[in-house]
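*Asks:* Protein chains in written order, with our numbering: chain D, 2 to 368; chain L, 2 to 368; chain E, 2 to 368; chain B, 2 to 368.
Misleading hints may appear alongside valid ones.
Chain copies aren't distinguished; within one or between two, either way the pair holds.
Claimed, not checked - Simulated crosslink set (DSS-like; lysine-lysine; CA at most 30 Å straight-line): (1) Lys363 to Lys245; (2) Lys363 to Lys305; (3) Lys23 to Lys363; (4) Lys23 to Lys305.
These are computed hints drawn from the structure, not numbers from a lab.
Protein chains: 4
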Amino acid sequence: MDGRLMAQETTPPTRLRDMGIKLGLLAVGTYNAITDVAGVRVGHYTLRENDRPGSETRGPCNTGVTVIVPHSDDVWLDRVPAAFSMLNGAGEVTGREYLEELGTLDGPIFLTGTFNVPRVMDAVISEAVRRHPNIGMGRHFVNPFVAECSDAMLSDLVARPIGEREVAQAWSEAASGPVAEGSVGAGTGLVSFGFKAGIGTSSRVVEVNSQRYTVGVLVSANTGERELLTVKGIRVGSILDAPKPRWVQEGSIILIVATDAPMLSRQLKRLARRAEMGLARTGATASNGSGDFAVAFSTANRTKRGALSHNFVELDNDVVSPLFQATIEATEEALINALCASRDFVGRNGHFVAGLPLEQLKRMVPL
Amino acid sequence: MDGRLMAQETTPPTRLRDMGIKLGLLAVGTYNAITDVAGVRVGHYTLRENDRPGSETRGPCNTGVTVIVPHSDDVWLDRVPAAFSMLNGAGEVTGREYLEELGTLDGPIFLTGTFNVPRVMDAVISEAVRRHPNIGMGRHFVNPFVAECSDAMLSDLVARPIGEREVAQAWSEAASGPVAEGSVGAGTGLVSFGFKAGIGTSSRVVEVNSQRYTVGVLVSANTGERELLTVKGIRVGSILDAPKPRWVQEGSIILIVATDAPMLSRQLKRLARRAEMGLARTGATASNGSGDFAVAFSTANRTKRGALSHNFVELDNDVVSPLFQATIEATEEALINALCASRDFVGRNGHFVAGLPLEQLKRMVPL
Amino acid sequence: MDGRLMAQETTPPTRLRDMGIKLGLLAVGTYNAITDVAGVRVGHYTLRENDRPGSETRGPCNTGVTVIVPHSDDVWLDRVPAAFSMLNGAGEVTGREYLEELGTLDGPIFLTGTFNVPRVMDAVISEAVRRHPNIGMGRHFVNPFVAECSDAMLSDLVARPIGEREVAQAWSEAASGPVAEGSVGAGTGLVSFGFKAGIGTSSRVVEVNSQRYTVGVLVSANTGERELLTVKGIRVGSILDAPKPRWVQEGSIILIVATDAPMLSRQLKRLARRAEMGLARTGATASNGSGDFAVAFSTANRTKRGALSHNFVELDNDVVSPLFQATIEATEEALINALCASRDFVGRNGHFVAGLPLEQLKRMVPL
Amino acid sequence: MDGRLMAQETTPPTRLRDMGIKLGLLAVGTYNAITDVAGVRVGHYTLRENDRPGSETRGPCNTGVTVIVPHSDDVWLDRVPAAFSMLNGAGEVTGREYLEELGTLDGPIFLTGTFNVPRVMDAVISEAVRRHPNIGMGRHFVNPFVAECSDAMLSDLVARPIGEREVAQAWSEAASGPVAEGSVGAGTGLVSFGFKAGIGTSSRVVEVNSQRYTVGVLVSANTGERELLTVKGIRVGSILDAPKPRWVQEGSIILIVATDAPMLSRQLKRLARRAEMGLARTGATASNGSGDFAVAFSTANRTKRGALSHNFVELDNDVVSPLFQATIEATEEALINALCASRDFVGRNGHFVAGLPLEQLKRMVPL
């Protein structure tokens, strides 16, 4: 473990606004996090072995799982409307078909490293059955929603160390309030724009019909080329002085959008599409090998299990544009936050990835 | 084990054409199976515990896995163009995003019972890594394509007994020639129209541009209500004299279409859509709880790993309609074959499902 | 005008149930028509010149326009939720993008012959502006929903004779109650399965949550090959003794589904997809040159112009399957009704198309 | 006609690069225009009546039509592969269904003002029939691809003055080489970010597999709010000193992507999606009332009418990412060019829209 790594361990995470840099025009929520949407909780399980001796096929693991729980009631009984969008499909997501056909999420959203997906799915089934023993015994099912980014550069992908214990822990520890960012949970081994990245989050508050609504975004970021990194419109990637990783992959990004605005799946799909627009502002291009998926849900309507019909409230189309803008801004900032919160990292086989040089960045970007 | 079950064990499987009943106008291939498309291989692993004493949560398993291997070369190195269609999404399929974005399959197609999906995915990763150790170590991935139908009525869904050994065996034993149908592989615990069902297959041969092309279909069938069962246009479901299961679920169906006609993903999507039309002719309605997915691939073009560009041949749009008709007919017959090949079955907790009464059927349906 | 034509003029239209033949399991509504959904109105403008001398490029026209008005209030102010599905895209439909994005119809549905589409669109704009002069002057628009089938065999496609007068008349004369079928309106010059076809309609009534709901379907039918025509499961096409047209095109079909069940766009899309399943049961294959589009709307929710949010009621996913079955049955019967109501027809350049031989049919199909 | 307007008439159009401002990392083509893709031609018909006395319902028209012809051969006989993407659907596009199902364009792409769409469609049919008299007489059709943006602020939408003569002229005068930008053709009456906008274009050249390929983009721009306008990452919209229009609509944008890289419809859809990412970088948000459509075509493959099969070349997925980046950059610059080329404009009812203040802009944006 070298000095660089030591430094990283002792520096607390930073956020873009900690440096006085504001993105966008809209106000942010209390925590500037997806948890500003009341009831939304986030949990991480982080497995961080950094650089220990290991064979090529069984090297150290730097990976994890992140869970986003839509509300504080039982998420299987009280489902929330949700929608999905795919910007580029070179990745894996499970539970999408159920989500799109039925228009709801029947559990939390799980994010993890690529080859962990099946074991996380499997663990979600186990945990859901533990909570609801009638699942699987009759006409009751659960459809785990799990999406991945590849941590292959820094973690042994094939080891697949995230199972029942890790999933249950992340889920049970999911909390409201501030959200840990950077190299935590599913973000532990991720890289974006040639810098260490991982989990990032942000939120916006807008007024629609004289009501205040919050949009919160959380990203699991593994996307973008160094030269293209753009912070608040400044293409800093080509001028930041920091070593590039010796080894680059095309990456992926998962974009989670939560809102308390009353919307149903059709409207939520529009938010998911706008998250992609926020992504574009960072310089990401959704390159060929990228799995870029967005999912949006609203906490303001519930599809209660057993109810024969539902009374939904939905904002009129004509008033939703501010929520589009909120989604775009929060997504852009969430991704930059994922970079700001991450530090230098040494992973599998000594692969080194630099943290974003924050002091340099501060000098380059207007406040 | 009662007498009914004994009978079942000793009766060889039957196919619709064994009874002299022909469906559709087009000629069938040598085996009237998906394997009539040269190079396509099918393998099954069957776990059949029938009715043994067991707790509600750890009852006997009647489940399995079925694999369809697109050709006899290395399917990860030589990918085939493919397409996907979703008729109803209350089910799970993995690998779809990769398939749709990249337009290819990078491995075989796996079918299994609902909650087995993650363990089958996990096993496919293991097996793919065993065959190609560079997977997961750099920029190489594998995207397991796994689709499910629920065998919850006859098998303990939560037990999830299909893992690495079972997947590897099905894959390695995949063979061309005749295909086992009915209560085998992923079809072991399936039910359709209130009768025992499972795997079924059929094929059609058509002439396009003076060339003979084959379309082969394989289904994993768990769909339909008794009253609606329609065989060769005759709504036999309401007149067949056979006990109904005490317990019914809404079911699902997976439709696999293979062809040697030169097509790419856009054209193949059209075949996947036509498989849904063949399904409709049997009386299936893709009810709310059903996961009805179709995937189509062509063996006549390859996307070779490492090649920088590809020379593809594709039939003109104006000549493909006979392949639509072939897909429709083969799908309809494959589903009826899944019923014809299945016998009375006693599964989890003594749940009994009758086999299709073939003698009765023969009297009701014109040849 | 030959004797065959004379006969045709004097025979009243027939419907499948007039011959005692019942399709499906469910009950039909009062008129067995799309107008069984309360408030839905249908209007036709028919231009029937039959076979008069004419040049190749300016021959006689046998075409028209059909309008389906979703309810009896102002359809621009009180929009209904709607959804769209495309089975095969070799056709034209306008207004689809608005419908899919906003989830509503902002006017009636218009059906016409292929090259009439722009002139019908143009006329709908004129009529909408006449009714609402603020359209086009500010932020108010109208998005004409117009879909077509080709009447090229029997009508001069290039003449495009349907304009403002014809559209306004069909719209203003739209009525509830019995619906004229066969060679009327958009169906005037259509052909299906090598027989004269056109407009057909049917309905089903189902009970969901102890409430009776109606599904009504109207089709504009120009689809299918003679050999494949299937009536109540009997492939009658190959045995009916009637001359085939000398000239065949691949055709198209538009499927309109109306319901009074409380559904929103996501659920309605599921009905649109089931209409395609009903189509499949008639032997249609959605061949390459076909434009097969389905649109479904519900009269039970309104998106009122000017409202800032909406209170919607929607049936739970778990209870909607009977509406799927209703859609499938009504679509199948609507298409057969389109055939039953049509008589021998002589159109452009003396092209002759036989009416379905009803007496023969009656002998072939069980009651 | 005031002095402001006079000034506008005599100032030649400017482009972003004329001011020394470069966007993006990649090289531009000869003309920095969609016509850098060899064979692509662009034509405009401009109707500019500016502010003349007129009633509310029959005011002056400032509208037009723009045509993009994919190559210099017969575009109906030699179709090019194409794909479509919809970012927001509050607009109209015709010909999309054919394009998506058959994977090709069978004619040029036409852009115009909203309510002109039907008359442009109608004119395209007339012109196509004039060129190919067998269209409409048998099994031959034409599927006009027409997309719109609203020029309602500056032009009388209801007047619909673009018909056969205007379309034929734009089409016949379509030329390669430099492309007129700003208030011309379909862009005559358009507004973006509260500034006068219209047509803009740009291109990029990239090397893939040691071959140089060009991506050219043309936009018809009517999108964005003043505060959000972002040029080269600088949110200039809130600091530029220029009057805002008294009246704002939500607008739309059509994004046309052309390339000579060998791609088919699936790959081209990926380019269409990236055009949306370029749009996002300008501050556009695809607000509720916007019709944001992208279409991409390749000149490197042809679907020849009458051929029974086709030999296509397609780049491997793994090498196409540079074309994604090229599309993003060219789209961003095309939209800014649409603003730079436009001058102060007085339209219908004296509505005034300022041109982008170029001198101010130059001082705000780094070179």
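*Asks:* Check each numbered hint from earlier against the structure, then list the numbers of those it violates in ascending order.
*Replies:* 2, 4
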